Every structure is written in structure tokens, then in C-alpha cells.
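S.K.: Please put together the full structure from these sequences, using the hints given.
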Amino acid sequence: MMESVIQLARSNRLAPPPNPAVGCAIVSADGRQVLGRGHTQQAGGPHAEIMALRDAADKGHSVAGATAYVSLEPCAHHGRTGPCCDALIAAGIQKVVAAIADPNPLVSGQGFERLRAAGVEVEVGPGAREARELNIGFFSRMVRKTPWVRMKIAASLDGTTALSNGQSQWITSPEARADGHAWRAQASAVLTGIGTVLQDNPGLDVRLVQTPRQPYRVIVDSLLQTPVDAKLFQAGGPVWIYTATEGSPQEAALIARGATVTCLPNAHGKVDLAAMMKDLARREINELHVEAGSKLNGSLVREGLVDEFLVYLAPKLLGPGHGMASFGPLQALSGAVALQFQSADRVGDDLRVVARVAGRDQF
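Numbering follows the working numbering, with no gaps: position 72 of the sequence shown is 72.
Hints are supplied without guarantee of correctness; some may be wrong.
If you anchor each label on the Cβ, the simulated ranges turn out as follows [what the hints assert, rightly or not]:
1) 252 to 198: 16 to 24 Å
2) 265 to 213: 25 to 33 Å
3) 258 to 64: 49 to 57 Å
4) 125 to 164: 52 to 60 Å
When the alpha-carbon atoms are kept at most 20 Å apart in a straight line, the in silico EDC-like pairs for lysine to aspartate or glutamate are as follows [as the list claims (entries may be wrong)]:
5) 231 to 251
6) 95 to 123
7) 295 to 158
8) 145 to 361
9) 231 to 272
10) 152 to 175
11) 316 to 205
12) 152 to 251
13) 152 to 123
14) 152 to 200
15) 59 to 30
16) 152 to 345
17) 316 to 361
18) 95 to 3
19) 95 to 30
20) 152 to 349
21) 145 to 303
22) 278 to 361
23) 295 to 200
24) 145 to 272
25) 152 to 133
26) 270 to 251
27) 145 to 158
28) 231 to 200
29) 152 to 361
30) 270 to 303
31) 278 to 303
32) 316 to 158
33) 152 to 205
34) 95 to 133
No wet-lab data here; the hints were simulated from the structure.
Since this is a predicted model, take the numbers as computed values, not measurements.
From the three backbone atoms N, C-alpha and C, an ideal C-beta is built for every residue, glycine too.
M.R.: Structure representation (C-alpha cells):
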């Protein structure tokens, strides 16, 4: 049953951020009938347990004595909604089977405690790895206080992401670009640098797949050069610009355009990227999807801020040009960034490789 509950959460994972994607199924006491199913709605909407209780009620089923299977510990605090553990208790649920504890300090075992105190049997553990992986950004924000940072790169087989003159559209296939938008859609925010804004004028929104929400757009712009007519403003919604320049006349113009401008300089007059990650977590960003040029990519890699790489390799050789990430040069092979391959799949004519920084998910 837990496998189907996690799949329910996975199939509806785009709407809930910054909340985790959670699924719930309520099964009759004899285990023969699923009385109700639900998944967490958009932020501010009902959680999976409430939706499952409503589904059972709509079908005319009593859930007294039933078992609730849920992919994350029922919440025990008043946030955007009320405590789900209280709703399960009030409904007469006799047993709760949860995949994993909620890492949110406001919950973190308190939901289980409240259920047990009310006489509800609690079992924890089935499907824990899958449930955590599904919400790795949420776990990262709660435990590490930083988003899960995924860097998307489109390159030729010899690692070129743009020609020497900056031309990069399009190295990969339409299928790969649509797949990239699907990964954008699951992120809380999409980040790029001012170089990409000035060179390509990207929208940074999700256009090639259906999505219930648009990710926030984040720009690293040390000198505050973002044009007020940049395409990234056209999709509506929040645009966050991080800069190292304070008091620029451009700041007032960008704020008037609707941007939020945050000054976080480091000692070298650039944006403090580590501080930016902490700030994005405070703004409830779970997964950060990076689509930038080799310079910013290199800075993020150099500072150890990237958790995962999403790389599309086209069956082309382009020769010299811009690489994937400009960092180094290393003096020894022992200084390499060690990765672990997660998957390798064909997408259109291209190869999609997902690789994770070794040990980065151990938190």
C-alpha cells in the first residue's frame, strides 16, 4: 500500500511546494477496501490526510477503526492549515503507517507522539527511502537550511555549452528542452546569472509542459545590470535579484518593476553565494534549479554549493567554446569533484545524465 501512496504523492508533486509532496490512503480495518485517497494541495490548501478523509466521507465511508497510510508524518502544528494528526484522531483512525518522520522542527516526531497519546497505533519506516527522495528539497531546507541545488546543463558530447561567440540555441533537441522544463516545474525557483540574462534574455518560466505554478526567478547580478524590460519579468510573479551593489539608481527601477533586490556582497565585491543559499531557504525554496553560464556554474561548483547535475548531452562535437563550469585548474586528480551517477536515459536524440555529488544526500 505504501508504494501506491508514494506514487500518488509523486504524480502530484508539482503543486505543494514549499510544502512536501505527500500521499495518503485510508484502508478499512480488515484491509480489504481503500476508503479514501488524497494528496497535499497547493500551499495553504488541505494536506493529504484531510483530502483522504474528505474522499472517504464523499463516498459515504466511515473511517472509524481504519488504517491511514501516509508518506510523511502527519503534522502536529498550526501552520497554513491545522494539525493533521488531530483530524485523524477525531475521525477515529485506529492505526497510522507512515513512511518517514517529518524533518520540520515544528513536527519532528510530535505528530507520532500525539497520535500514540490518543491511543492510535503508529508504525514508521515502510518506503522511507523513496519518500525522502521524493521530497529531498524539503528535507534539505529543513535539515541543512539550504535548498537542494540542481544544476542543469545542455552540452555537446565534447562538453561545449556555447560557441566562442556565445551562440547556444539550440544544442540539444526539442524533446530535451521539454524535459528540462519538466525539471524546472518541480523546482521552487530557477536561478541564472546576469551574463545569461544579457546574452540570451531568458524567460526562466515553465512553458513547454503543464504546471500548476511557476517557479520564482532568481538572478545573480553583482553590478545590478538587469534590464527592466528583461523577458524574465513577463511571466509575472516574484523575481529576486541578488547583488553586491547598494544604492544604484537601477535598484529603484527594478523594485518599481516588481523585483525584490537583496544586497549580499562578499569580500571580493561579488554576491556571497553561500549566504544567498541560506536566504533562499529562509524564503522557503526547497529545490533550486540552476540554468547559468560556465562562469556562475564554476563559482557554484568551486564553493561546493551544487548537489546534483542534470546534464543533457547532444550527439554533436562543437570543438572549442564555453565549457560546462569554469573552475580550477586543479593541481591533482584528488581534487576532482566526485560524483555518483543516478541515471542515464535517452531523451529524443540526446542523453540525459543525472549525477549527484558523492555523499551530498547524507543529511
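S.K.: Hints first: check each against the structure and report whether it holds.
M.R.: Each hint, compared with the structure:
Evaluation of the 16 to 24 Å hint for residue 252 and residue 198 yields a pass: the beta carbon distance comes to about 20 Å. At about 31 Å, the CB distance of residue 265 to residue 213 agrees with the hint of 25 to 33 Å. Restraint check, residue 258 to residue 64: a C-beta distance of roughly 51 Å satisfies the suggested window 49 to 57 Å. In this structure the supplied range 52 to 60 Å holds for residue 125 paired with residue 164, their Cβ-Cβ distance being about 54 Å.
Of the supplied pair hints, the one linking residue 231 and residue 251 holds, its CA atoms being roughly 17 Å apart against a limit of 20 Å. Taken as a hint, the residue 95 and residue 123 pair is honoured in the structure, with Cα atoms around 8 Å apart against an allowance of 20 Å. For the given pair, residue 295 sits about 18 Å from residue 158 by alpha-carbon distance, which is consistent with the 20 Å threshold. Taking the CA atoms of residue 145 and residue 361, the gap is near 14 Å; set against the 20 Å cutoff, the hint holds.
The suggested pairing of residue 231 with residue 272 is violated, with an alpha-carbon distance near 25 Å, which exceeds 20 Å. As the CA atoms of residue 152 and residue 175 are separated by approximately 15 Å, the hinted pair is consistent with the 20 Å bound. At most 20 Å may separate the alpha-carbon atoms for a hinted pair to count; residue 316 and residue 205 exceed this at roughly 27 Å. Distance restraint check for residue 152 and residue 251: the Cα-Cα separation of roughly 29 Å exceeds the 20 Å cut-off, and the hinted pair is therefore not satisfied.
Only pairs whose Cα atoms come within 20 Å are accepted, and residue 152 paired with residue 123 is rejected, the gap being roughly 38 Å. As the CA atoms of residue 152 and residue 200 are separated by approximately 16 Å, the hinted pair is consistent with the 20 Å bound. For the suggested pair residue 59 and residue 30, the alpha carbons sit about 18 Å apart, so the restraint of at most 20 Å is met. Using a Cα cut-off of 20 Å, the hinted pair residue 152 and residue 345 holds, with the two alpha carbons roughly 15 Å apart.
The straight-line distance between the Cα atoms of residue 316 and residue 361 is roughly 32 Å, outside the 20 Å bound, and the hint therefore fails. Restraint check: the Cα-Cα separation between residue 95 and residue 3 comes to about 18 Å, which is no more than 20 Å; the hinted pair holds. About 12 Å separates the Cα atoms of residue 95 and residue 30, which keeps this hinted pair within 20 Å; it holds. Under the criterion of a C-alpha separation no larger than 20 Å, the hint pairing residue 152 with residue 349 is consistent with the structure, at around 17 Å.
With a C-alpha separation of about 16 Å, the suggested pairing of residue 145 with residue 303 holds against the 20 Å cut-off. Restraint check for residue 278 and residue 361: satisfied, since their Cα atoms lie roughly 17 Å apart, inside the 20 Å limit. In summary, the hint linking residue 295 to residue 200 is supported, as the alpha carbons are separated by about 15 Å, within the 20 Å threshold. The straight-line distance between the Cα atoms of residue 145 and residue 272 is roughly 16 Å, inside the 20 Å bound, and the hint therefore holds.
Using a Cα cut-off of 20 Å, the hinted pair residue 152 and residue 133 holds, with the two alpha carbons roughly 19 Å apart. Of the pairs offered as hints, the one joining residue 270 and residue 251 holds, with about 16 Å between alpha carbons and a cut-off of 20 Å not exceeded. Under the criterion of a C-alpha separation no larger than 20 Å, the hint pairing residue 145 with residue 158 is inconsistent with the structure, at around 36 Å. Proximity of residue 231 to residue 200 is assessed by CA-CA distance (about 10 Å); at most 20 Å being required, the pair is judged to hold.
Straight-line distance between C-alpha atoms of residue 152 and residue 361 comes to about 18 Å, which keeps the hinted pair within the 20 Å bound. Taking the CA atoms of residue 270 and residue 303, the gap is near 13 Å; set against the 20 Å cutoff, the hint holds. A C-alpha spacing of about 14 Å is found between residue 278 and residue 303, which places the hinted pair at or below 20 Å, so the restraint holds. Taking the CA atoms of residue 316 and residue 158, the gap is near 8 Å; set against the 20 Å cutoff, the hint holds.
For the given pair, residue 152 sits about 14 Å from residue 205 by alpha-carbon distance, which is consistent with the 20 Å threshold. Among the hinted pairs, residue 95 with residue 133 is inconsistent with the structure: their alpha-carbon atoms are about 25 Å apart, more than 20 Å.
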